[in-house]
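Novice: Taking the hints as your guide, dock the two standalone chains into a single complex.
Residue numbers (the numbering used here), protein chains in the order written: chain P, 6 to 229; chain S, 220 to 681.
Treat each hint with caution, since some may be false.
[Said to hold, decoys possible] If you want the footprint, here are the derived chain P segments under chain S, 3+ residues with CB under 8 Å:
#1 17-28
#2 106-112
[What the hints assert, rightly or not] Examples of chain S residues toward chain P, derived with CB under 7 Å:
#3 Leu-418
#4 His-472
#5 Leu-503
Everything labelled a hint here was simulated from the structure, so no lab data went into it.
If you're wondering where the values come from, they're calculated on a predicted model, not measured in any experiment.
No residue lacks a Cβ here, since even glycine has one placed at the ideal position from N, Cα and C.
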Amino acid sequence: MRILLVEDDPLLGQGLCTALRRGAFAVDWVHDGAAGLYAIRDDTFDLVVLDLGLPRMDGIDVIRQIRASGNPVPILVLSARERPADRTLGLDVGADDYLGKPFDTAELLARVRALIRRSAGRARPTLEAGPLQLDPTTLAASWHGRNLDLTRREFALLRLLMEQRGRPMARDAIQRHLYGWSDDVASNAVDVHVHALRRKLDPGAIRTVRGIGYALGDLAGAAP
Amino acid sequence: MNSIRGTLLLVLLGTLGTLMAVAGWFSYRAGLQEAGEMFDARLVQSTRVLVSLVDAPLSELNAYPGEPIVLRGWHGQAQGVGEDLAFQDGHAYENKLAFQVWDARGRLLLRSDSAPLTPLAERVPGYADVVIDGARWRTFTLRSREGRWFQSAESTDIRQELATDIAGGTLTPLVLSLPLMALVIWWSVALATRSLRRLSHEIGQRDPERLALLDPDQVPREAQGLVRALNSLLQRLDVALVRERRFVADAAHELRTPISALKVHADNARLAQDATDREDSQRLLADSVARVERLIAQLLSLSRAENVGGVRHRTRLSLDALVRTEVDELRPLAEQKQQSLRVDLDDVQVSGDEFALGLLVRNLVENAVRYTPAGGTIEVRVSRPGAHAVLEVDDSGPGIPEADRERVFDPFYRRLGSGEEGSGLGLSIAREVLVSHLGTIRLDRSSRLGGLSVHVALPAGD
Chain P
6 MRILLVEDDP LLGQGLCTAL RRGAFAVDWV HDGAAGLYAI RDDTFDLVVL DLGLPRMDGI
66 DVIRQIRASG NPVPILVLSA RERPADRTLG LDVGADDYLG KPFDTAELLA RVRALIRRSA
126 GRARPTLEAG PLQLDPTTLA ASWHGRNLDL TRREFALLRL LMEQRGRPMA RDAIQRHLYG
186 WSDDVASNAV DVHVHALRRK LDPGAIRTVR GIGYALGDLA GAAP
Chain S
220 MNSIRGTLLL VLLGTLGTLM AVAGWFSYRA GLQEAGEMFD ARLVQSTRVL VSLVDAPLSE
280 LNAYPGEPIV LRGWHGQAQG VGEDLAFQDG HAYENKLAFQ VWDARGRLLL RSDSAPLTPL
340 AERVPGYADV VIDGARWRTF TLRSREGRWF QSAESTDIRQ ELATDIAGGT LTPLVLSLPL
400 MALVIWWSVA LATRSLRRLS HEIGQRDPER LALLDPDQVP REAQGLVRAL NSLLQRLDVA
460 LVRERRFVAD AAHELRTPIS ALKVHADNAR LAQDATDRED SQRLLADSVA RVERLIAQLL
520 SLSRAENVGG VRHRTRLSLD ALVRTEVDEL RPLAEQKQQS LRVDLDDVQV SGDEFALGLL
580 VRNLVENAVR YTPAGGTIEV RVSRPGAHAV LEVDDSGPGI PEADRERVFD PFYRRLGSGE
640 EGSGLGLSIA REVLVSHLGT IRLDRSSRLG GLSVHVALPA GD
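Isolated chain S, as found in the complex (with noise of 0.2 Å):
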């Protein structure tokens, strides 16, 4: 079903000649009834007229002749139809046409010369269907008043012929009507395609710069739904690539700064005059790349998250182990500020990308663990209280003001006076898993520990 073309031409050629077959036999069989009732009331005439003739004329024969006497027919040889079958002293159908005489006593007194010694059915009055020589007859049998029998025969052949002849003159200018049905068929698919080729040839000429809309009322109506699919899909492309130049225009403007520190401390520790100053600065470089390295990590992370959206890497994953190796992982940063990291986790699962998973869960204890002060508390719960799988983070530091909570989230947006050397990325990371995998992000006020409250719902995985 992959050609227009090839599916119309099946199916109506098809159809076509399906109806055209059962109209053949139809009108086959309405010929065949036809002619039989002609057929048959003509051989009752002829009987009727044969024993007008010939039963008184045999009456007068005193005996019997010992012999039949018998009729002779045309005897020629002649084929075709119609008047090549017709001549001056005959019909070439002649022999297709049968009669016998008998006595009371069942003697043959006259027959055709196409009519055998045998009779040609039971002595029965009315009409038979009977097989001599192979042969197919339709005959009809009369008892005459002075006791005679009257036979009279007819093969079933003329019946068919008639009837198969009417039904040919029926379907033969419609069996002959196909062909031109087929090109007919394909030359209106090649006009009505016209316009989706004209399309398919706009559509291969542009580039990914000039993404356009198409015009819907250039093709036909059936497909203008495909259209507007297209044109849908060409407004989100452009809307993601605005989005991607955008971050690339951003993510080149946020290394701009975290790149001139390298330079500076570089050239410090170069030109530094005494070792203190050299280690101080080397100190600083080493600060600096450590940076930039985090700075790419998120940005490629947020590349990554970004691109999750499909199901492709999904599995069923436990929510409280994919914590508990996260928290692990930053349990150091947390001891090095002499913080208090608690956990509390319930069995949930949950069904996602592992990695992109892990990335949100560390992204936001990071957070925490970042801009709570030294000898804050952080506290991790995974749990399940209806059909979702709940993810919280509180912590007992400086929380986000109402007015910021939703900017917070773009793309290397950082909050001043964090005192914290953050790439501006986390909460956009968390995001984007999210977004992919139907999850909901909330902060708050952290009503147990003070400071932020981070609150993840997505859909449970069982």
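Same shape as in the complex, but just chain P (with noise of 0.2 Å):
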């Protein structure tokens, strides 16, 4: 899950970042409104936390022209205007929530949470498949109901693939979902942690599609 923040304070970005890191989140940070949008346009992105006292271009404008070019990304507006009638513009024009400074950093991290759920069309927090159980909220997984000690990019790399019910992600798809473009990517990285979650889980967890990359395994009848 790849989440691209448009903050042009320095010291907030940064904050922000790390707590959205700690989520699991790959995170892609931009300084104006005008390099949100080019990013956007892009590169693909499971989520947008956008300022609005942007400069360069308001994040309203933004928001107007990615509705605009049809992309339905979700995106999350953390603003300083946070009046009543500020916060009907942005959800009017687009926006998928509002969330007003100063912030929860815990509540802004449930609602990327909720956004991510919604935009995959799941009604339930956690992810499930087989024997296989994921807490996005608290980075838990366990298989046959037994804790699995996995780092966050191993995380992020399963519930990825859970989002995607079995249907199989292209091996670039996958590393542009886990790493931003300042992470220091080693070419075969995905292959390294799907050999990691293979030996953790289920040789079968994983599958390997031939020519494409990787889709989740069918789990319903796995071994413990």
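Specialist: Structure representation (structure tokens):
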């Protein structure tokens, strides 16, 4: 799950990056509205966290242009403009959620999770596939009721594949969803994580789709 | 002179009283003059009548009678005026008239009983004013053809009494009108100031949220200037109030992002999974605290700079010493950025508030240090080319494009891409200080260093 953060304040931006990464999200951070718009056009994100009072292009115009281009990416507005009229405007031009500053970090993360859940068309807050359970809130994973000790990136990969419900995903698409621009990515990084997960769960938990990439295996009858 | 009513009463009644006193005195003088002429004429007439009546019969006396013949007058007791003094057999004032007839050898032949035995006056023909037994008399002396001296006299009391009566008659109604006058003044002041009382009631009912203007047509013309002055004050108050409210709203808005950063870093530090992450978050948290601190300090500075408008704290001070102090404070920051911070200070005096001018200098120099990249140069000069003290701060930084040179003075306006964490208040503070010190500020491209040149002119203090 990859999030684009558009925030011009350096101190707040750094803090938000850390907080979002703690939630096992890959974060890309741009400092002005125009850069935000370019990033959304040229790359894929699962969510945009957008400030409104931005240099070069106001956040409201950014939302308008994203929606005008037909892009349905979930947008969470994070702004110091917190009067009801401001919130109404933000939501009406196409934002999916609106959080006024100063905000609570836990609430921001909860809203991010909720938006991603909704955009995936999922009803339950936890992800389940056979004996595999994932709780995005606590970042806890269990296999046949046994707690799994996963790294943040492994958790993110598993969550990504579970959201696809068995549909295969290309390796570089997986990589784009797991890593931000600034992350140092080895060429076989995805393969390394897949390998580690197979070892921790079951060799068939993730199947290789030849010529495409990976998909979640059929876990219904998997052995503990 | 605090009460219109008191002033009017004092001035009007005082003037009237003085006028009456002067009128009374002139009237008394005129009465005395007219009565004198009339009584003088009557004195001559009665002397002549006496001569024509007694001169011939006296010539028939062959020998001196030894004793003067005495003519007796009315000797009753009476008091009052006019008819109260007149009786069938005489008049109370008869003793105020007297006459004597002397023969050529100086013997008294005839006298009224009101006349003494000594001559009423020297035996010289004509009028004389004499004092007999402490009383003042007017006399007329006439010598008959037979050589006798006829002397008539009249007490001057009568003339004075007449003159006093005339003056009194003129003044009495006027003096009696004074209390009436006072009442009229009292009442007319109350009438004229009724609209003023209504106005003060209206002002008293005002609340600071509703600074509507007063209607000058509701008060007398004389008070319209006051109402217009009040209206102008109300307008300025309204502007100040709107500005104050906007400032508070802006300040609250500006604090939202820094406080958000504080909260996020505090959460990050608490939830960090390893020591490195925790230390990073703690460092960022400290930076965020420092930023909020600085923003609040700047807000207080701006509010203080706006409030030094008066001349309360104004002293004569040395601009170069002030600049030297502030530059020394900022030198560590410049050294940290390996900047060259140069000063060129002439001895210049200004008059102003030391705190406010210190803020001005600090903000300008701090801006230069902050926005000039590492390794750059900043020059601070103080000079006095003419009637003004001039402070110039030049730097080798990126400068400010011409289009932005007005907007940068707006509170909380931050230029984009400066990469610096300013509050957006520095130049607002500088301008507020200069407004209250009648100074000017101008931004330019520095011809010496290529960056920004800030030119400040203040009235010199000597």
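Novice: Look at each hint and say if it fits the structure.
Specialist: These are the hints, each one checked on the structure:
With 7 residues carrying a beta carbon less than 8 Å from a beta carbon of chain S, the stretch 17-28 of chain P meets the three-residue requirement, and the given coverage holds. By the rule of at least three residues with a Cβ nearer than 8 Å to a Cβ of chain S, the coverage given for the stretch 106-112 of chain P holds, with 6 such residues. Taken as an interface hint, Leu-418 (chain S) does not check out: its beta carbon lies about 40 Å from the nearest beta carbon of chain P, beyond 7 Å. At its closest, the beta carbon of His-472 (chain S) sits 5 Å from a beta carbon of chain P; the interface hint therefore holds under the 7 Å criterion.
Using the Cβ-Cβ criterion of 7 Å, the hint placing Leu-503 (chain S) at the interface with chain P is satisfied: the shortest such distance is roughly 6 Å.
The structure does not agree with numbered hint 3 stated previously, though it agrees with all others.
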